[in-house]
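J.: Let the hints inform the model, and build the full structure from the sequences given.
Protein chains: 2
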Amino acid sequence: MTENDWSVPETDLFDRLRTAIETDADAVLATVVAVEGSAYRRPGAKMLVDADRGGAGSITAGCLEDEVRLLAEDVLEAGEPHVETWDLTGDDEIWGRGVGCNGVITVLLELVDDTLAPALDAVAGGTDVGVATVVGGDLPTGDRSVYRPDDGFGDAEGTGLPDWLTDRVEAPLADLVEDGKSETLTVEAEEGTVEVFLDGITAPPDLVVFGSGHDVGPVVELAKLVDFRVTVVAFRGAQALQERFPQADEVVSASPRDVADLREWDDDTYAVVMSHNFVDDRFTLAELLDTPVPYIGLMGPRDRFEEMREEFDEEGVEFSRDQLDRVHTPIGLDLGGDAPYQIAYSIVAELLAVANDRTPRHLSDRAGPIHDRVSLSTE
Amino acid sequence: MTENDWSVPETDLFDRLRTAIETDADAVLATVVAVEGSAYRRPGAKMLVDADRGGAGSITAGCLEDEVRLLAEDVLEAGEPHVETWDLTGDDEIWGRGVGCNGVITVLLELVDDTLAPALDAVAGGTDVGVATVVGGDLPTGDRSVYRPDDGFGDAEGTGLPDWLTDRVEAPLADLVEDGKSETLTVEAEEGTVEVFLDGITAPPDLVVFGSGHDVGPVVELAKLVDFRVTVVAFRGAQALQERFPQADEVVSASPRDVADLREWDDDTYAVVMSHNFVDDRFTLAELLDTPVPYIGLMGPRDRFEEMREEFDEEGVEFSRDQLDRVHTPIGLDLGGDAPYQIAYSIVAELLAVANDRTPRHLSDRAGPIHDRVSLSTE
Numbered sequence: 003m004t005e006n007d008w009s010v011p012e013t014d015l016f017d018r019l020r021t022a023i024e025t026d027a028d029a030v031l032a033t034v035v036a037v038e039g040s041a042y043r044r045p046g047a048k049m050l051v052d053a054d055r056g057g058a059g060s061i062t063a064g065c066l067e068d069e070v071r072l073l074a075e076d077v078l079e080a081g082e083p084h085v086e087t088w089d090l091t092g093d094d095e096i097w098g099r100g101v102g103c104n105g106v107i108t109v110l111l112e113l114v115d116d117t118l119a120p121a122l123d124a125v126a127g128g129t130d131v132g133v134a135t136v137v138g139g140d141l142p143t144g145d146r147s148v149y150r151p152d153d154g155f156g157d158a159e160g161t162g163l164p165d166w167l168t169d170r171v172e173a174p175l176a177d178l179v180e181d182g183k184s185e186t187l188t189v190e191a192e193e194g195t196v197e198v199f200l201d202g203i204t205a206p207p208d209l210v211v212f213g214s215g216h217d218v219g220p221v222v223e224l225a226k227l228v229d230f231r232v233t234v235v236a237f238r239g240a241q242a243l244q245e246r247f248p249q250a251d252e253v254v255s256a257s258p259r260d261v262a263d264l265r266e267w268d269d270d271t272y273a274v275v276m277s278h279n280f281v282d283d284r285f286t287l288a289e290l291l292d293t294p295v296p297y298i299g300l301m302g303p304r305d306r307f308e309e310m311r312e313e314f315d316e317e318g319v320e321f322s323r324d325q326l327d328r329v330h331t332p333i334g335l336d337l338g339g340d341a342p343y344q345i346a347y348s349i350v351a352e353l354l355a356v357a358n359d360r361t362p363r364h365l366s367d368r369a370g371p372i373h374d375r376v377s378l379s380t381e
Numbered sequence: 003m004t005e006n007d008w009s010v011p012e013t014d015l016f017d018r019l020r021t022a023i024e025t026d027a028d029a030v031l032a033t034v035v036a037v038e039g040s041a042y043r044r045p046g047a048k049m050l051v052d053a054d055r056g057g058a059g060s061i062t063a064g065c066l067e068d069e070v071r072l073l074a075e076d077v078l079e080a081g082e083p084h085v086e087t088w089d090l091t092g093d094d095e096i097w098g099r100g101v102g103c104n105g106v107i108t109v110l111l112e113l114v115d116d117t118l119a120p121a122l123d124a125v126a127g128g129t130d131v132g133v134a135t136v137v138g139g140d141l142p143t144g145d146r147s148v149y150r151p152d153d154g155f156g157d158a159e160g161t162g163l164p165d166w167l168t169d170r171v172e173a174p175l176a177d178l179v180e181d182g183k184s185e186t187l188t189v190e191a192e193e194g195t196v197e198v199f200l201d202g203i204t205a206p207p208d209l210v211v212f213g214s215g216h217d218v219g220p221v222v223e224l225a226k227l228v229d230f231r232v233t234v235v236a237f238r239g240a241q242a243l244q245e246r247f248p249q250a251d252e253v254v255s256a257s258p259r260d261v262a263d264l265r266e267w268d269d270d271t272y273a274v275v276m277s278h279n280f281v282d283d284r285f286t287l288a289e290l291l292d293t294p295v296p297y298i299g300l301m302g303p304r305d306r307f308e309e310m311r312e313e314f315d316e317e318g319v320e321f322s323r324d325q326l327d328r329v330h331t332p333i334g335l336d337l338g339g340d341a342p343y344q345i346a347y348s349i350v351a352e353l354l355a356v357a358n359d360r361t362p363r364h365l366s367d368r369a370g371p372i373h374d375r376v377s378l379s380t381e
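Residue numbers (the working numbering), protein chains in the order written: chain C, 3 to 381; chain A, 3 to 381.
Don't read these hints as lab results, they were simulated from the structure. Keep in mind that this is a model prediction, so the values were computed, not measured. Check before you lean on any hint, since a few could be wrong.
Identical copies go unnamed one by one, so any copy, or any two together, can satisfy a pair.
To be verified - Below, computed lysine to any residue pairings styled on SDA-like, alpha-carbon distance capped at 20 Å:
| id | residue 1 | residue 2 |
| --- | --- | --- |
| 1 | Lys183 | Asp340 |
| 2 | Lys183 | Glu38 |
| 3 | Lys183 | Gly338 |
| 4 | Lys183 | Asp130 |
| 5 | Lys183 | Asp359 |
| 6 | Lys183 | Glu252 |
| 7 | Lys183 | Trp166 |
| 8 | Lys183 | Asp123 |
| 9 | Lys183 | Gly128 |
| 10 | Lys183 | Asp89 |
T.: Written out as structure tokens, the structure is:
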């Protein structure tokens with residue numbers, strides 16, 4: 003494991019965590035459970051520390067990672083979870099007022115065990131999930147229950163919290179899962195006072211790329227780095243394609259007329275149409291317009307799309323304004339550049355902006371409060 | 003060489019081309035010299051084909067690559083350059099009206115030899131360069147001269163074109179180099195009629211990243227993929243840092259007070275300040291404001307920058323509005339996401355937009371003519 007592995011896509015971190023659980027590895031998971039002041043990462047940020055002090059992920063920008071690694075050894079040895087708070091506020095000219103190197107940050111360190119497995123399995127399967135974990139108070143630190151939007155806490159495996167507590171945290175955790183956010187809540191009840199970390203974990207959005215040209219590879223590679231689950235759909239000559247797109251989660255062969263039936267399409271699935279074949283792209287577009295996907299990026303000039311629309315009209319196929327508004331063509335954000343990686347970069351930038359419901363612009367031009375990632379926690 | 007190598011960053015392609023020249027490899031360079039109709043790549047796009055039919059780069063999106071590879075074998079065998087035109091227009095439902103699979107595309111195939119070396123060396127050294135190459139008419143195909151903005155054709159090595167021709171193409175080539183564009187020009191003179199491909203090749207812009215935290219790696223990696231030349235500046239603990247940022251072109255150690263003297267700063271150099279240390283970042287910012295860099299991205303919330311400005315004021319250090327307008331903080335485009343790769347993605351997206359002088363927005367929202375990369379050539 004190289005130093006550089008500390009920065010990995012979130013999906014890679016989750017994969018490694020699953021592997022650590024499956025192989026019963028000696029490893030510690032560190033999770034930011036509370037932040038006061040500005041911070042590089044927010045509550046929910048995770049870091050995996052192996053027994054040999056290697057690992058993956060980053061919970062600050064390198065300010066506390068060394069200390070976390072040392073502490074992880076103690077946790078491994080003791081076999082007990084531990085909550086540590088670092089107070090980096092103050093006027094210290096060297097360490098103060100940085101980003102990620104100031105404020106008060108609280109981290110839960112715990113042995114990697116199968117209590118997280120149901121949550122990780124759900125996320126890998128495309129389901130958002132919530133995890134409620136005791137981080138202080140009258141119940142043992144590390145006790146947890148897993149919450150699924152469909153099932154609540156009821157049928158989830160690994161339930162370890164008493165009903166009086168899950169009843170109290172279910173509503174706020176549902177909201178956090180919806181927003182993909184995490185925070186620590188203090189619950190005061192007859193039965194006791196408990197601090198519970200409520201972790202809303204969002205499943206990666208799906209990206210389906212239609213095409214198998216040389217220009218598809220960079221789109222797959224970049225989308226994977228920013229945590230899309232990527233499927234490549236090739237229309238013909240699909241031999242050995244998995245090899246051609248090694249980063250893709252899945253490579254499938256299909257007919258453009260069967261796109262709607264290819265898989266389940268939902269409002270967290272994004273489609274990029276870049277087969278470079280007019281007829282294939284047109285069939286694909288027509289099929290996608292009848293699905294609930296919120297984004298259809300179409301490679302090519304605007305005229306090409308207009309020509310497709312004229313053919314739909316001629317064939318008597320009608321689409322509503324709402325349906326057509328989801329088509330983005332020319333595809334991508336206007337970042338300039340015309341090399342394959344630069345074109346791919348602008349496509350994936352557009353995917354991120356749409357998936358995160360942002361208006362693409364300079365953050366420095368955005369009025370009002372600063373960016374989420376450096377917002378002041380009210381915790 | 004895997005299939006996937008066909009899509010490589012432009013800088014990688016140029017590196018491979020230089021290596022092929024230096025090792026006297028049997029290889030063919032294919033360059034798009036003219037395009038009519040919509041196309042995925044523009045004139046100037048290059049593809050390197052090795053003797054074993056491996057190679058790098060992509061001149062369409064996979065529509066013609068196989069044919070180019072076959073033709074490259076003939077060129078290798080014959081030892082002579084060759085110009086081929088593919089006419090993919092027409093109403094053919096299968097191949098017509100695609101992007102990159104239609105229009106008329108003309109490609110120069112030539113043996114890789116040292117006539118391109120001076121141009122590649124100049125670009126690697128940070129200098130924009132122009133190459134004038136005969137692609138038809140009364141002079142031998144493949145004859146070329148290299149043009150440098152400072153020297154003209156005068157002192158350049160590899161000069162192969164007669165003065166009457168270089169005199170005629172110098173002005174248009176100078177414009178193309180300035181714009182980073184390429185096109186084929188027909189020159190009619192007493193001495194003869196010649197078609198000359200004028201290739202404006204832009205040196206990669208420089209990115210200097212100040213910081214050595216875990217969050218720097220993803221910025222370096224993504225910036226390299228979109229063809230920045232990346233230098234990482236670490237302020238302390240700079241041991242083994244090259245290893246930590248394997249993709250960086252250079253990793254150096256410096257003091258924040260010596261930033262201005264660290265290197266030559268010009269208007270094609272972009273700076274990202276992310277040391278996460280307030281004092282280091284403030285010194286760096288003050289130094290950078292006195293250089294001509296067009297972009298200074300500063301990690302952290304807006305308040306942090308305001309605090310730096312107050313300290314400048316208290317110290318009696320004044321900066322003009324023009325100087326301060328180059329500071330982008332919070333850094334990055336508003337794409338959402340808060341994982342390290344997502345933050346890095348928004349930073350590099352902002353770098354691209356600024357370097358290419360674009361207003362970040364959806365291309366589908368851009369009024370007027372379609373994107374450059376799919377514009378109709380007037381050739």
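J.: It remains to establish, for every hint, whether it holds in the given structure.
T.: These are the hints, each one checked on the structure:
{"no.": "1", "hint": "Lys183 / Asp340", "in the structure": "between (36 Å within a copy, 11 Å between copies)"}
{"no.": "2", "hint": "Lys183 / Glu38", "in the structure": "within (15 Å within a copy, 50 Å between copies)"}
{"no.": "3", "hint": "Lys183 / Gly338", "in the structure": "between (33 Å within a copy, 13 Å between copies)"}
{"no.": "4", "hint": "Lys183 / Asp130", "in the structure": "within (11 Å within a copy, 47 Å between copies)"}
{"no.": "5", "hint": "Lys183 / Asp359", "in the structure": "within (15 Å within a copy, 35 Å between copies)"}
{"no.": "6", "hint": "Lys183 / Glu252", "in the structure": "neither (28 Å within a copy, 38 Å between copies)"}
{"no.": "7", "hint": "Lys183 / Trp166", "in the structure": "neither (23 Å within a copy, 69 Å between copies)"}
{"no.": "8", "hint": "Lys183 / Asp123", "in the structure": "within (19 Å within a copy, 50 Å between copies)"}
{"no.": "9", "hint": "Lys183 / Gly128", "in the structure": "within (17 Å within a copy, 44 Å between copies)"}
{"no.": "10", "hint": "Lys183 / Asp89", "in the structure": "neither (23 Å within a copy, 54 Å between copies)"}
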